[in-house]
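> Start from the sequences and build out the full structure, keeping to the hints where you can.
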Amino acid sequence: MENNNEVVLLDLWASMFGMRVRIALAEKGIKYEYIEQDIWNKSDLLLQMNPVQKKVPVLIHKGKPICESLIAVQYIDEVWNDRSPLLPSDPYAKSQARFWADYVDKKIYDLAKKVWARKGEEQEAGKKEFIEALQLLEAELGDKPFFGGDKFGFVDISLVTFYSWFYAVETIGNFSIESECPKFISWAKRCLQKESVSSTLPNSERVYEFLLDAKKRLGIE
Amino acid sequence: MAQEDVKLLGTLGSPFVCRVQIALKLKGVEYEFVAQDLQNKSEELLKYNPVHKKVPVLVHNEKPINESLVIVEYIDEAWKGKSILPTDPYQRALARFWAKFIDDKVFLAVWKSVFTIDENERETNIKEVHEAFQFLEDELKGKFFGGEEFGFVDIAAVNIAFWVPMLQEIAGLQLLTNENFPKLYKWSQEFLSKPTIKECLPPRDPIFGIFKGRYESLLASAK
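These protein sequence lines are chains R and U, in that order.
For the first sequence, the UniProt record's numbering assigns the number 1 to the initial residue and increments by one for each residue that follows.
For the second sequence, the UniProt record's numbering assigns the number 1 to the initial residue and increments by one for each residue that follows.
If you are wondering where the hints come from, they were derived from the structure by calculation, not from laboratory data.
Hints are supplied without guarantee of correctness; some may be wrong.
[Stated by the list, open to error] Pairwise CB distance ranges (calculated):
1. Asp82(R) / Gln91(U): 16 to 22 Å
2. Leu212(R) / Gly28(U): 54 to 60 Å
3. Pro182(U) / Lys151(R): 45 to 51 Å
4. Glu44(U) / Ser84(R): 36 to 42 Å
5. Glu62(U) / Gln135(R): 22 to 28 Å
6. Lys53(U) / Glu78(R): 30 to 36 Å
7. Asp205(U) / Leu192(R): 54 to 60 Å
Each residue gets a CB set at the ideal place from its N, CA and C atoms; glycine is no exception.
So, in structure tokens, the structure goes:
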């Protein structure tokens, strides 16, 4: 029986990166202590556990920190390898899962930010690139229920958490993601049928409020 | 043993391609190197890497794998022999963290500190490189990032060992020296002296020449 204190997560409720780790922990049925972080006033614990980037999420297992959400998800999969595999076992399939999760990491946050942080022509360009990225992911998904095939897995986890930010991005950008990417939305809703996802993703309107507040604090109009 | 068909699409001067070559060498994998012209991308490159259209691309029995660190992990898992990543999950997480750190914090900052005509941009990027190198300096506990033997992080850091000294010489900078980062400097010398690594490095003079030409064109365009 695992001691609750063995697994700790330093996180921010609105972080799409932190949500990935929470979904992975839920998929594996791992009990953990969640410690909400104030990213505008970083705690000593956060700075001690992630001195390099000073960011959330940080997974702490038996006192040792693991930073970077996708690295933490892989760590969880490798340690609790007796249940609910998150990555495929075949090396080639695994490499493709890592490639697409890496694509999500390289593109989705920055493109969404171009929409919520910029105005005018720059914002329009951002919207176009963001939709194109989602459409590329739709093409990769194809007719499969999930990115890994029949089972929800690593790529789905890396990506579905951004869905909770869609309302905010659409409202600020004044556009509809569903009208351009209906398959993406139906995939996201399919993921939400899973308890691990629905219990993790926060209310979209709360995220919107959070983003408006963040913009003010960052001095973004 | 089934017929293995392994191709590496790459360019001679790329540290990302070099990472893959080191991994293949470590596992004793025979492969065909297919040199690419990035100014005139081949159909093969576009077919196997439609998303990023970049090198390296490893093609194993006609199935492509892209992104150098993803490729190195694939090589580690697909072929037996010397392990590139540690076996312990926590050590693996640390290795992945530092390899990603090098990808995110070193490459662009090094490039921008050299290939710029804006002195403010140069200073900002030199500072970023030094901050990154300080973290790596502090992280180096043994001979290599992998311990007594080199591993995933050392391979990821090949650009620091081989490319940074060339670039800093061209631009007259002190990015990595024995004085400013003694442990990292010593690591670079040890790493470059390993026979496996030496055999995978491109020839220095032509690469140096290409970068120098690029630097001089940039300076000339500013006048």
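> Determine for every hint whether it applies to the structure shown.
Going down the list of hints, with the structure as the test:
no.: 1; hint: Asp82(R) / Gln91(U): 16 to 22 Å; in the structure: holds (20 Å)
no.: 2; hint: Leu212(R) / Gly28(U): 54 to 60 Å; in the structure: holds (57 Å)
no.: 3; hint: Pro182(U) / Lys151(R): 45 to 51 Å; in the structure: holds (50 Å)
no.: 4; hint: Glu44(U) / Ser84(R): 36 to 42 Å; in the structure: holds (38 Å)
no.: 5; hint: Glu62(U) / Gln135(R): 22 to 28 Å; in the structure: holds (26 Å)
no.: 6; hint: Lys53(U) / Glu78(R): 30 to 36 Å; in the structure: holds (32 Å)
no.: 7; hint: Asp205(U) / Leu192(R): 54 to 60 Å; in the structure: holds (58 Å)
Hint violations for this structure: none, all hints satisfied.
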